[in-house]
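S.K.: In case you want the letters, here they are:
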Amino acid sequence: MKSCASRVWFVVVGLCLGPLMRAAAAQEASPIVANLSLEELSKLRVTIASVADKPVREQPGIVTVITEQQIADSGARDLMDILALVPGFSFGNDVDAVLGAEFRGLWAYEGKILLLIDGIPVNEGLYGTLQMGRHYSAGLIKQVEIIRGPGSARYGGNAELAVLSVTTKAADQQGGFALVRQQVASGRVGTSVDAGAGYSFVNGWRAAFGAHYEDYIRSDRTYVSLGGDVVDTKSRSTMTPAMITGQIGWRDLDVRMLYDDYSLDNPIGFGDPSLQATPWSETFRSAMGSVKYDVKPNGWLTISPRIITGRQYPWWLQTSPGQGDFQLRYDRQTFEVPAAMAFDDRNHLLVGMALYGEQATALQTSPLFGQPPVHVFFAGSERVSYRDASGYAQYDVDMAWADVTLGGRYEAHSHAGSAFVPRIGITRAWERVHVKLLFDQAFRTPNVETIQQRLRDTSVTYEKSTGSQFEAGYRFNERVSLVGNLYNLRVDKPLAFTVLDNPTFGYVNGSAISTNGGEAELRYQDNSLSGYVGYGYYRADDQLSSALGLYASAQEGQNLALPSHKVSFLGAYRIRKPLTWSASGIHSSARWMFAYPGDESRLSPELNLNTLLEYRGRAVTLGVAVHNLLDEMLVAGQPYNGGGAPLPLPGRDVSLTIGYKF
Amino acid sequence: MIPVAARTLPMLLVMGLVWTCVPASLSAEPAPVPEYNAKAGYLVAFQSYVTWPAGALAAPTSPVVLCVLGRDPFGAVLDETAAARVGARPLQVRRIHSPNDAGDCQIVFIGKAESAREAEWLAAIKRKPILTVGESGKTVERGGAVEFGAVRDRVAFEVSLPAAEQAGLKISSDMLAHARKVYR
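Chains W and F are the protein sequences, given in the same order. So for the first sequence, my numbering puts the first residue at 1; every next one is plus one. So for the second sequence, my numbering puts the first residue at 1001; every next one is plus one.
What the hints contain is simulated information worked out from the structure, not anything from laboratory work. Honestly, I wouldn't trust all of these hints.
Unchecked claim - Restraint-style ranges between C-beta atoms, simulated for each label pair:
no.	chain 1	residue 1	chain 2	residue 2	range
1	W	Q555	F	D1174	53 to 63 Å
2	F	P1090	W	E68	17 to 27 Å
3	F	R1152	W	P373	51 to 61 Å
4	F	A1116	W	D252	31 to 41 Å
5	F	L1057	W	V654	55 to 65 Å
What the hints assert, rightly or not - Residues of chain W placed beyond 10 Å of chain F at every Cβ, according to the derived structure:
no.	residue
6	G228
7	A340
8	L455
9	R576
To be verified - Derived coverage of chain W by chain F (criterion: at least 3 residues anywhere in the stretch with Cβ under 8 Å from a Cβ of chain F; other residues may be distant):
no.	segment
10	32 to 45
11	197 to 208
Note that the structure is a prediction, hence the values are computed from the model and not measured. From the three backbone atoms N, C-alpha and C, an ideal C-beta is built for every residue, glycine too.
Given these sequences and hints, build the entire structure.
M.R.: Okay, structure coming up:
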């Protein structure tokens, strides 16, 4: 069977390469560009020899870059809105009414995606999760770079299935901005404020800050638990996320700070709202900072020692009176030393090491939920700590026939032991055509609670993913481009919380889960019109995805709550110079939800349409947007058999935005 | 249970066939230009966005002199680009080898091959009405007014307002709006 699959890949690769090679053979003389405006020059594609700053199509990874312009056109309010348009991503609900990302047919929310904000890793450290929905405001974001796969040998820990690298507007040091959005859904009015400024000074100093605050609701719809309990979330799902970013730099010294307070009312408890008289308060709070200094002893070597430190209070639960609160503190200190060597324009080597220590401390526990008291919470202690050391190397070389990347990462963890993952990439780009063939492995290091809540009398170790990806892209002309990829993804020993029987439950390394599929993106851009269509498809390997009985749907090829097909689009039309109209939409195919053991319910296909009319002056921006234009019943299903009913997302939502930049 | 490969085959074949059907004849895109063709384009365009102090140019129709100081990465491209430029003022390209020869230049470009001497050269001409342009990665820090960089497969530039002011130059807001970064 394996050889048959290999033959299929070979056929497809051959089919693709034929026309691409023919097209690539067509060479044109490079023109003299004498009478172009600065705007035209800024859009001119150039051939840059150095592998250090390659364009996306030549990078050894499957990369999507979402620009500030695309974010503005989409009317996105947060990172979840941005990712929703990207093939491969959809969203599900976890416990405590929080949302997370699914990626390529796998529930990636817990420890499988690394999020970097201005270079600082921000996943919460107890489980490695990332909370989505009114989190990471789009008003602060300048650019999102999405790397499918581990991205680089440099990233470890949670960089397993994808790396999301966010650059904030302030960190780009291009001046200041303020943005206020009033929004209303079903009569509930919410407010969102973003502001920031960043400047570089000729004496080598630079400084930037950004801030966001929002007061709104998760949803204005009704939640119905699997037991039939009904909750009107409109008055019980208030969210008040806040974030502050800061940066100070002088020449090669760079200091960054990030404060993130993601607070929400949880109207449904662990999925059964009958447990609570009033909404529980859930908070994810982080304060993080990094100090980096670039040492450049000569023209070809840059050593960038960096210290990252952070304190978090993730999953801080304050329940209804009498039910007890829950609060753990998580601290982490990282020291890393990457060294980048540019031997010449075609040979680059990255080597480095990283050390981190992490500690978790129990501050409050909930006896009502059967948790042990604080002083014995972590297997007889109030505090637990782990250490980790890693080393990595990645060599990029531009050869006559292709650009080749070879890399590997070794990691040793004080509980999980050691692991090594290799990485191989071959990239070839012609004038209009590019192809990439990537094979990489990555691992997820077990997080503190993954280890502490392991199934009794067991140990947990790294889960390891293996990805094979093929991408081909074609530029029809300066305006139109098409890129597509095929992938096969397998996660061995996935770390999963499983309930064997009460009270036998906890994290274990399960048997493998696997998906395969493809993604495609078609883009159009001219002076007055821009358009984007994305498509993503996955198929779960039934034999593997039934691991632990957690994720697999009874429907062939599907995992629970994850749509097999997703089509997204974004179109923007510059009506007149300052006036833009745009529309975006996401269509997800039907999903299947766990209802009761042996029973699944079907979630209908969804169409989420959004539109935006915006005046974009030199300094002032005024916009009117409607999200979920059709007032569809959009829901986030639970991608495992946890007993949670679909969490309703907002209905039709109208917003007015006023922005000012200076 | 249908084998994985059999299930995957139709999808892969469809995607492959769609790809095969992409006609090469649809390609009407101009080829990407070499990096220094684009930089030459910028250099000759800058003159339209910069105002030199009175006296820096003898007459409204006097040519703007664009000088390459030190090793020249352009070759004939810069001359051809300047010759093809249609503008209010003619452009004249010169190669010079010392900052002492920059007295008649309105724009001076220093290539990255001269990075070791860039600081010294920029210091020598910093108070003259000259738009200094570099690409060393440290040009602005060393007192240059404009620095070329790359943003993936595009050439971008940064502007130092203090350096421009020191040289008595006025940079138009349009040029600042297209700069990747403006230093204050």
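S.K.: Hint by hint, note whether the structure agrees.
M.R.: Against the structure, the hints:
1. W/Q555 with F/D1174: 53 to 63 Å: Holds, since W/Q555 and F/D1174 (Cβ atoms, about 57 Å apart) stay within the stated range.
2. F/P1090 with W/E68: 17 to 27 Å: violated, 38 Å
3. F/R1152 with W/P373: 51 to 61 Å: holds, 55 Å
4. F/A1116 with W/D252: 31 to 41 Å: violated, 18 Å
5. F/L1057 with W/V654: 55 to 65 Å: The hint (55 to 65 Å, Cβ to Cβ) holds, given that F/L1057 and W/V654 are roughly 56 Å apart.
6. G228: holds, 36 Å
7. A340: holds, 14 Å
8. L455: holds, 30 Å
9. R576: holds, 19 Å
10. 32 to 45: Three-residue rule met by the segment 32 to 45 of chain W, so holds; n is 13.
11. 197 to 208: Check passed, 5 qualifying residues.
Violated hints for the displayed structure, listed by number in ascending order: 2 and 4.
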